[in-house]
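> Could you slot chain C onto chain U? The hints should help.
Sequence order for the protein chains is U and C.
Counting along the first sequence from 1, when you hit position 33 you're at 34 in the working numbering, and nothing is skipped either side.
Counting along the second sequence from 1, when you hit position 32 you're at 33 in the working numbering, and nothing is skipped either side.
One or more of the hints may lead you astray.
What the hints assert, rightly or not - Once the Cα atoms are required to be at most 27 Å apart in a straight line, the calculated DSS-like pairs of lysine-lysine come out as: (1) C/K56 with U/K283; (2) C/K53 with U/K292; (3) U/K133 with C/K133; (4) C/K299 with U/K56; (5) U/K218 with U/K82; (6) C/K53 with U/K283; (7) C/K298 with U/K56; (8) C/K392 with C/K310; (9) C/K133 with U/K113; (10) C/K92 with U/K346; (11) U/K156 with U/K364; (12) C/K283 with U/K56; (13) U/K53 with C/K283; (14) U/K53 with C/K53; (15) U/K133 with C/K113; (16) U/K56 with C/K53; (17) C/K292 with U/K56; (18) C/K56 with U/K292; (19) U/K199 with U/K146; (20) U/K113 with C/K113; (21) U/K53 with C/K292; (22) C/K56 with U/K53; (23) C/K191 with C/K218; (24) C/K56 with U/K299; (25) C/K346 with U/K92; (26) U/K392 with U/K346; (27) C/K56 with U/K298.
Calculated from the structure, these hints are not laboratory results.
There are 2 protein chains.
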Amino acid sequence: MFDVNNFLHSDALGAAIEWNGYPRFNFIGGHNDSENIPVVSLRESIDNVILKEGKTLAKYGLESGPQGYIPLRSFISSQLKNSASINCSEKEILVVSGSLQALDLVNTTFLKRGDTVIIEEENYGGTISRLKRLGVNMVGIPLEKDGMDLVFLQKVLDRLEGENKKPRYIYTIPTIQNPTGTIMSVEKRKGLIDLSKKYMIPIFEDDCYADLIYEKKRPPAIKSFDDEGYVIYCGSFSKSIAPALRVGYLVADWNVLSRILPYKTDAGSGSLEQMALAEFCKNNFSSHVNKLRSELKKKSDAICDALDKYFGSTADYQKPDGGIFIWIEMPEEVDTSRLYEIAIKQGVAINPGQEWSINPNGKRKMRLCYGNPTIDEIDEGIKLLAEICQKEFGIPNQIANL
Amino acid sequence: MFDVNNFLHSDALGAAIEWNGYPRFNFIGGHNDSENIPVVSLRESIDNVILKEGKTLAKYGLESGPQGYIPLRSFISSQLKNSASINCSEKEILVVSGSLQALDLVNTTFLKRGDTVIIEEENYGGTISRLKRLGVNMVGIPLEKDGMDLVFLQKVLDRLEGENKKPRYIYTIPTIQNPTGTIMSVEKRKGLIDLSKKYMIPIFEDDCYADLIYEKKRPPAIKSFDDEGYVIYCGSFSKSIAPALRVGYLVADWNVLSRILPYKTDAGSGSLEQMALAEFCKNNFSSHVNKLRSELKKKSDAICDALDKYFGSTADYQKPDGGIFIWIEMPEEVDTSRLYEIAIKQGVAINPGQEWSINPNGKRKMRLCYGNPTIDEIDEGIKLLAEICQKEFGIPNQIANL
Numbered sequence: 002m003f004d005v006n007n008f009l010h011s012d013a014l015g016a017a018i019e020w021n022g023y024p025r026f027n028f029i030g031g032h033n034d035s036e037n038i039p040v041v042s043l044r045e046s047i048d049n050v051i052l053k054e055g056k057t058l059a060k061y062g063l064e065s066g067p068q069g070y071i072p073l074r075s076f077i078s079s080q081l082k083n084s085a086s087i088n089c090s091e092k093e094i095l096v097v098s099g100s101l102q103a104l105d106l107v108n109t110t111f112l113k114r115g116d117t118v119i120i121e122e123e124n125y126g127g128t129i130s131r132l133k134r135l136g137v138n139m140v141g142i143p144l145e146k147d148g149m150d151l152v153f154l155q156k157v158l159d160r161l162e163g164e165n166k167k168p169r170y171i172y173t174i175p176t177i178q179n180p181t182g183t184i185m186s187v188e189k190r191k192g193l194i195d196l197s198k199k200y201m202i203p204i205f206e207d208d209c210y211a212d213l214i215y216e217k218k219r220p221p222a223i224k225s226f227d228d229e230g231y232v233i234y235c236g237s238f239s240k241s242i243a244p245a246l247r248v249g250y251l252v253a254d255w256n257v258l259s260r261i262l263p264y265k266t267d268a269g270s271g272s273l274e275q276m277a278l279a280e281f282c283k284n285n286f287s288s289h290v291n292k293l294r295s296e297l298k299k300k301s302d303a304i305c306d307a308l309d310k311y312f313g314s315t316a317d318y319q320k321p322d323g324g325i326f327i328w329i330e331m332p333e334e335v336d337t338s339r340l341y342e343i344a345i346k347q348g349v350a351i352n353p354g355q356e357w358s359i360n361p362n363g364k365r366k367m368r369l370c371y372g373n374p375t376i377d378e379i380d381e382g383i384k385l386l387a388e389i390c391q392k393e394f395g396i397p398n399q400i401a402n403l
Numbered sequence: 002m003f004d005v006n007n008f009l010h011s012d013a014l015g016a017a018i019e020w021n022g023y024p025r026f027n028f029i030g031g032h033n034d035s036e037n038i039p040v041v042s043l044r045e046s047i048d049n050v051i052l053k054e055g056k057t058l059a060k061y062g063l064e065s066g067p068q069g070y071i072p073l074r075s076f077i078s079s080q081l082k083n084s085a086s087i088n089c090s091e092k093e094i095l096v097v098s099g100s101l102q103a104l105d106l107v108n109t110t111f112l113k114r115g116d117t118v119i120i121e122e123e124n125y126g127g128t129i130s131r132l133k134r135l136g137v138n139m140v141g142i143p144l145e146k147d148g149m150d151l152v153f154l155q156k157v158l159d160r161l162e163g164e165n166k167k168p169r170y171i172y173t174i175p176t177i178q179n180p181t182g183t184i185m186s187v188e189k190r191k192g193l194i195d196l197s198k199k200y201m202i203p204i205f206e207d208d209c210y211a212d213l214i215y216e217k218k219r220p221p222a223i224k225s226f227d228d229e230g231y232v233i234y235c236g237s238f239s240k241s242i243a244p245a246l247r248v249g250y251l252v253a254d255w256n257v258l259s260r261i262l263p264y265k266t267d268a269g270s271g272s273l274e275q276m277a278l279a280e281f282c283k284n285n286f287s288s289h290v291n292k293l294r295s296e297l298k299k300k301s302d303a304i305c306d307a308l309d310k311y312f313g314s315t316a317d318y319q320k321p322d323g324g325i326f327i328w329i330e331m332p333e334e335v336d337t338s339r340l341y342e343i344a345i346k347q348g349v350a351i352n353p354g355q356e357w358s359i360n361p362n363g364k365r366k367m368r369l370c371y372g373n374p375t376i377d378e379i380d381e382g383i384k385l386l387a388e389i390c391q392k393e394f395g396i397p398n399q400i401a402n403l
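So that you can see chain U by itself, here it is in the shape it has in the complex:
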């Protein structure tokens, strides 16, 4: 028999485990709730567009070339103008297969083993794991309620300059930061651009959740303050329309985008999904996203209520400004990686903080996603999680209302 182990590298990833369905209480991943998928209007949109343009599927790239379906790029351009004050033409947009491909493309273009990057120290797990795999040094910047600590950042930049190390980029999720759910202030956005220019280091602005602000006003993107081409921006439709549609986008000046594009060697991203989204978004984006925000706000309130009810003061969190996740700090005794292992066996999936932070105190934190479970499931799942946590760590001391 063929022995695959003889053909794997010393640094090969571990084997996948066979998939056995989703956990009963699914507090992980960017999933949405099936009731929030606009099936009827998606269907209508696809029906329209396929009759008009189905024949163009004969070509890789449709009639739009390697940067993606032009009507979708037009929508993205006008939407970014209206909602984030970004001025970009269709030529400065690259449609990608979800924002994860955006991360991979930017990393492949700019990073080599041993390079240094600057990131918010609490961060998207997929970003941290990618950078680890690439052998890149991550320098973490602490987060305040209004975003990255810029005083700390400047010190880091000075130190690195002193060590003659040029960071390859500053990565930030400014709007509904993942996992903290906070929004970077306009002042800090401007301050970040100033530092970027001063130290001549590009910013990689990941704005995947920006459409999902509940009540606050969406601030202009960092990219909107960028008059010198320092910002590479990415966004996605996974969170605003449907996760299983794998469509995201990169925005950058053409002199930058033209260096990233050659690494996109997949003969284009799925065109049916691009067509469907372009047609859908034209008439439905705003109304759909408005409705989605209000549904997610209810779930956000529900998970905060459940945390208060079952964990009491032992679960410390800041109410999310939007999005689909909440970041929770537990007392020191709690090791959320251990909690994850025990809870998953009882059907409760959580993100242990160590995968979402490069600060050792991530060990006592956890990220809970509330996009997928219903409001009843949120209550039930948090209650079960509190019981599991109490049994293992003695925290919370007592569970109210049990």
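For chain C alone, kept in the frame of chain U given last:
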């Protein structure tokens, strides 16, 4: 201004050139002809499936997990059984974003800089360029009319064993080989499996064009003779249904697939396209592909006629057994890379042989794709190409019927 050049590696890819539309005579790429896209039945299929299952788009992976939409995997499993004698379960199939992602995943799992792989010396340009970029040594095996020269292969295997070099895989496109358009005989398929087992080297069988055999009988896949898990198999819907739908698949024993799957970190391939294909293929795959084959055969005849008419005996080729391309050998004086450069300026795009061969004699060969142009365009384009070639290289001596 941000200077991207300060942030690129020494081995960065060259900048992309802005896309300015397709060439008038498009003899490159796996494009199809818009008349061959089954728009009406695709539309019906999407309409059906989205009503039934649209809500499942709320989850990454739908209700199917990370290996792809289960009804599509079921179709692939039964289709491979019927057409290629492969026995595989849904668990042994991974749906990917086009077979290009299949190549990337297999390469990432198995290859490191400095490794050696064995390939057919005339080969898909995308495979050659990927392997070059990875810094992998390619050992080329000459092709005969019925596939790889196995006597040569065995000598290579012995030599490499003597040098203590273990090739990481033997890559082959056995059915409608790219670019030669030939089919590997059943005997050679069995012989290849025997060598694979004897030397304990896996085979990577790329069967992307196998659905497009014109008249011959499709032989069992090499994978069908594999009882020890040595073959990693890939296929695609790009050629059989529509290029712009980015859906392909990998087939391997679970012990191998479970090592490849962790490298697929894109949160799944486009689900709408998977749903559309599964629903479409259930009732339409065979009838559609039968019709497509006969349309492509007409185009294949047309390009052979045009080559005879305008190039006469100076263009040497074997009639393709199927597919969408023809591989042409020109007299020694012709440098097809130069021909490419001149022809593209006049609106004729060709694949120069040097990109599709690792044998130096690729310099005088070229690949022409005939899926996209109409029969009239084929005639007109080949005529123009002959004129350009004559002007530059004096070949053909005279162009008949001008």
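> Determine for every hint whether it applies to the structure shown.
A quick look at each hint next to the structure:
no., hint, verdict
1, C/K56 with U/K283, "holds, 21 Å"
2, C/K53 with U/K292, "holds, 23 Å"
3, U/K133 with C/K133, "holds, 25 Å"
4, C/K299 with U/K56, "holds, 20 Å"
5, U/K218 with U/K82, "holds, 15 Å"
6, C/K53 with U/K283, "holds, 24 Å"
7, C/K298 with U/K56, "holds, 20 Å"
8, C/K392 with C/K310, "holds, 17 Å"
9, C/K133 with U/K113, "holds, 18 Å"
10, C/K92 with U/K346, "holds, 23 Å"
11, U/K156 with U/K364, "holds, 26 Å"
12, C/K283 with U/K56, "holds, 21 Å"
13, U/K53 with C/K283, "holds, 24 Å"
14, U/K53 with C/K53, "holds, 23 Å"
15, U/K133 with C/K113, "holds, 18 Å"
16, U/K56 with C/K53, "holds, 25 Å"
17, C/K292 with U/K56, "holds, 16 Å"
18, C/K56 with U/K292, "holds, 16 Å"
19, U/K199 with U/K146, "holds, 25 Å"
20, U/K113 with C/K113, "holds, 15 Å"
21, U/K53 with C/K292, "holds, 23 Å"
22, C/K56 with U/K53, "holds, 25 Å"
23, C/K191 with C/K218, "holds, 17 Å"
24, C/K56 with U/K299, "holds, 20 Å"
25, C/K346 with U/K92, "holds, 23 Å"
26, U/K392 with U/K346, "holds, 14 Å"
27, C/K56 with U/K298, "holds, 20 Å"
Consistency note: the structure conflicts with none of the earlier hints.
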